[in-house]
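From first to last, the protein sequence lines stand for chains C and W. When the letters of the first sequence are read in order and numbered with the numbering used here, they come out as residues 1 to 95. When the letters of the second sequence are read in order and numbered with the numbering used here, they come out as residues 1001 to 1616.
Don't read these hints as lab results, they were simulated from the structure. Some hints could be false.
Stated by the list, open to error - Per the computed footprint, the stretches of chain W lying under chain C, defined by three or more beta-carbons under 8 Å from a beta-carbon of chain C, are:
id, stretch
1, 1244-1255
2, 1564-1578
Claimed, not checked - Straight-line alpha carbon distances no greater than 27 Å define the calculated DSS-like cross-link-like pairs of lysine-lysine that follow:
id, chain 1, residue 1, chain 2, residue 2
3, C, Lys53, W, Lys1230
4, C, Lys26, W, Lys1278
5, W, Lys1367, W, Lys1385
6, W, Lys1049, W, Lys1209
7, W, Lys1303, C, Lys59
8, W, Lys1385, C, Lys59
9, W, Lys1209, W, Lys1223
10, W, Lys1303, W, Lys1385
11, C, Lys59, W, Lys1230
12, W, Lys1410, W, Lys1362
13, C, Lys52, W, Lys1410
To be verified - Reference excerpt, derived from the structure (chain W facing chain C, CB under 7 Å, subset only):
id, residue
14, Gly1237
15, Glu1262
16, Asn1462
Backbone N, C-alpha and C define an ideal beta-carbon position, used for all residues, glycine too.
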Amino acid sequence: MENNEYIKVNVMFFGDLRNLTGTRQKEFIMKKGFKLSDLLILLEQEYHFSFKKYIEENKGIRILINGQEYERMGGINALLGDEFTVVFFPPLFGG
Amino acid sequence: MKLGGYKNSILRVNLSNYTYSIEPLNEKMILDFIGGRGFAIKLLYDELKPGIDPMSEQNKLIFVAGPLAGTNAQSFGRWKVFFKSPLTGTYFKSSGGGYLAAEMKFAGFDIIIIEGVSEKPVYLWIHDGKCEFKDATYLMGLDCDDTHTLIREELGDPRIRIACIGPAGENKVKISGIFSDRRAAARGGGGAVMGFKNLKAIAIRGHEKVEIADPEGFSEAVKAQIQMYKSNPAFEGFKARGTQIAEFTNLLGMFPTKNFREGVIEGWENIEGQEYDKYRVRKTGCHSCMLHCGNLSKVNYGKYKGAWSEGPEYESIWAFTGTISLPDVGLTIALDKLCDDLGLDTISTGSSIGFAYELYEKGIISKDDTGGLELVYGNDEPLVKLIKQIAYREGFGDILADGTREAAKKIGKGAEKYAIQVKGLELPAYDPRGAKSHGLNLLTSNIGADHNSGYAPQEIFNVPIPRPVDRFAVEGKGEITKFNQDLTAFLETGILCSFPPSMGMINAEVYGKLVSTVTGIKDFDDPEYIWLVGERIYNLERIFNVREGFGKKDDSFPSRLISEPLPSGPASGQIFEQYDLLKDYYKVRGWDLETGVPTKDKLKELGLDFALEYGK
C-alpha cells in the first residue's frame, strides 16, 4: 500500500466463522500500528458479534498471522503490518 | 494365564506346501511388547534373517490385529501388515482401516503369518479357526473392488472381509499396496510381496466374541475414551470432513507443490474442504469408531463426471494436485479410485508423477521417453494412461513402478536429486521445511518418509502436548520427535488409528486403562511402562534396520530440502537444518552420534539384551 498511514490486511475465515460471517475472505484497511485486538473490534463492527468472546469460548481455534500462530506473534497484541494475512480456522486434521 | 483381548492364536500359513499351523502367543512377548506393532517387530526380528531379498521366498507377510480390535473401544479397528519392503529394504509396517482386524479376531486370530510362495494363484479362506487354500486363477487381473465382489459371491457371504492386491501387486509394482474394502495398507510395496507369493487375497469370516478380562473396568475405560473424544475441540470438525482439508497446509506454506519446489499451490481455494463438501455422498467409517472420518465422493459434472471414490483423503488430494500443480477436485476423486482399483499407493504414485513432471520440464526426459505423453504442469491428460502404465509395468510407467529412487538411477542424467524420498519411500504431503519436528520424523522414521510414524500435531495443529512449539524452531525438536514416535509406537500395540492421538483425543493413561482391562494384565495400567514399550519397539525396529546395513547415512533428505529455501508463502525462506536436528535427535534417543546406531546401554535399558551385538 502506498499510503504510510494505513495498512491493508487480508482476513480469511474457515469453518464456523465462515458461516457466521458469510464471508470467505475480506480485505480491511486500518491504521498503521493496529494490533490483532484492534482487528477483532473492527470485525465485531463488521459482523455484529464479539470475536473476542468467540475466541475465548471456542478453545482450539487458531489464528494465523502470515502463517505463524498468533500466540508466537505477541498474542492478542500482535502487531499487524501491510499486506499481512490473518486466518481464523477451527482445529482440524489431515493425514 | 487366562487373558482377554487376545485370541492367543497365531495362524502360520505356508504357501509353498499348502499347509498351516496354529500356535499360541508367547507369554513373554505379550508382557514385553503388548501386541500389534510390538508383536510384529519381535517376530520379524526373530524370523527374518538379515540380508534376505524382499522379493524372495524368505520374506514373510505378517497381518496383525491388536488386543482391542473387535471390542467397542473406539478407533482400534485398524489392521497392519508387516514385511521387509522391496521399496526401501527396511522393516516395514503398513496400515489399513475398515473391518479386517475385527474379523480376524472373530475368526480366532491375533496374527496371520504368510510364508513361502504358491506355485499357482491362490487366496486364503480363513474362517472360524480354519484355513483353506482356494484357486485364485479366475481372479487374476481383476481390480480390488471386483475381487471383493467375486470372492464374496463364490463363498456365499457378503459379510466376508477381504484383503487383496490389484493388478499392480500382481505385476510386483514396488509402490503397490494391499486393499480391504477400499481401505489401503498402501505404502512400502506390500502388494508386490503378496504378488510375488502368488497370493491374490485373504478372505476372513468369524463368529467368536472377543473376551474382556475385566468387563466393568473396560466399560469405564471406554466411557472415559469417548468422553475425551467428545470434549476435544477438533471432534465435530473432523467428523464432518475427515481429512479433506487441503487448505490448512497451504495456509502454513508447506503444501508440497511441483515436486517440493514450492509450498503453496496456486488456486488452493478450489480444493479446500468446502469444495469437497459439494461432492460428498455420505460419510464412511471403520469398525467401532465414532469418528466416521471417511467420505464417499462422487463427481456429477465436468470432465470427470461419473467418477466416484471412498476418499480422497488429504494425501490423495495432494498426490494429484500439488504434484502436477492442478487444483481440481474431480480429478482427485477419479484418480483416487483408479489407484484403489489398480492397487497402487497414491502417495508414491503421485510423487512419482510429480518427479516425472519435473524431469520433463528440465528436459531430462522427453516425449521419446514417455511414449508421447506430455508431462507439463497443469496438464492432466497423461495421468490416467500413466497410472495404468505404472500398474501394468508398460512403457514409461515401468520405470516409475519401482519408485522414484530406482527410477532416477535408471534415468540418470542427474535425475537422482529430484527423487524426493528417504530410504526409498517418497515423502508425503508435508514439506519438512515448514515444520521441523514433523520433518525430523520423516527423516528418521524406521520405514522411510512416513508421516504416521511420528506425526507432529504440536506443529501442524498447535496442540500444546507435551508443550507448545514454534514449528520453525530447531532447538528442542529431538525431544518432540521422540515423544511423537514413541507415543505412536505404543498406541500401535493396540493398533489405534493415528488420527485421535494427533488431536490429543487419547493419552497413555487412557490407553493403559483400555489395554489392561481388556487383557487383564495389570502391568499395562502404568503409563511409564507403556511409554517404555513404545521406546522399546522403536529401538528394535531401528536395530532390525541396522542389521540390514542402515545407519546415519540413510537418515538424509534430498539436497532440495536442506539447501533450497522455500521461495514464497508463509514458510518463505525456510530450509531444513538437517545436521543440527539429526544431532539433537540422536542425543535424545541415546544413539551413537557418528553412526545413528542405538548404544548398548540404551538397548540394555530397554530390555533388548538379545540385540546387544548390533548396538554401538
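Okay, the hints, checked on the actual structure:
no.: 1; hint: 1244-1255; verdict: holds (count 8)
no.: 2; hint: 1564-1578; verdict: holds (count 3)
no.: 3; hint: C/Lys53 with W/Lys1230; verdict: holds, 22 Å
no.: 4; hint: C/Lys26 with W/Lys1278; verdict: holds, 23 Å
no.: 5; hint: W/Lys1367 with W/Lys1385; verdict: holds, 14 Å
no.: 6; hint: W/Lys1049 with W/Lys1209; verdict: violated, 36 Å
no.: 7; hint: W/Lys1303 with C/Lys59; verdict: violated, 41 Å
no.: 8; hint: W/Lys1385 with C/Lys59; verdict: violated, 47 Å
no.: 9; hint: W/Lys1209 with W/Lys1223; verdict: holds, 20 Å
no.: 10; hint: W/Lys1303 with W/Lys1385; verdict: holds, 16 Å
no.: 11; hint: C/Lys59 with W/Lys1230; verdict: holds, 13 Å
no.: 12; hint: W/Lys1410 with W/Lys1362; verdict: holds, 17 Å
no.: 13; hint: C/Lys52 with W/Lys1410; verdict: violated, 58 Å
no.: 14; hint: Gly1237; verdict: holds, 5 Å
no.: 15; hint: Glu1262; verdict: violated, 14 Å
no.: 16; hint: Asn1462; verdict: holds, 5 Å
Hint check: violations occur at hints 6, 7, 8, 13 and 15; the rest are consistent with the structure.
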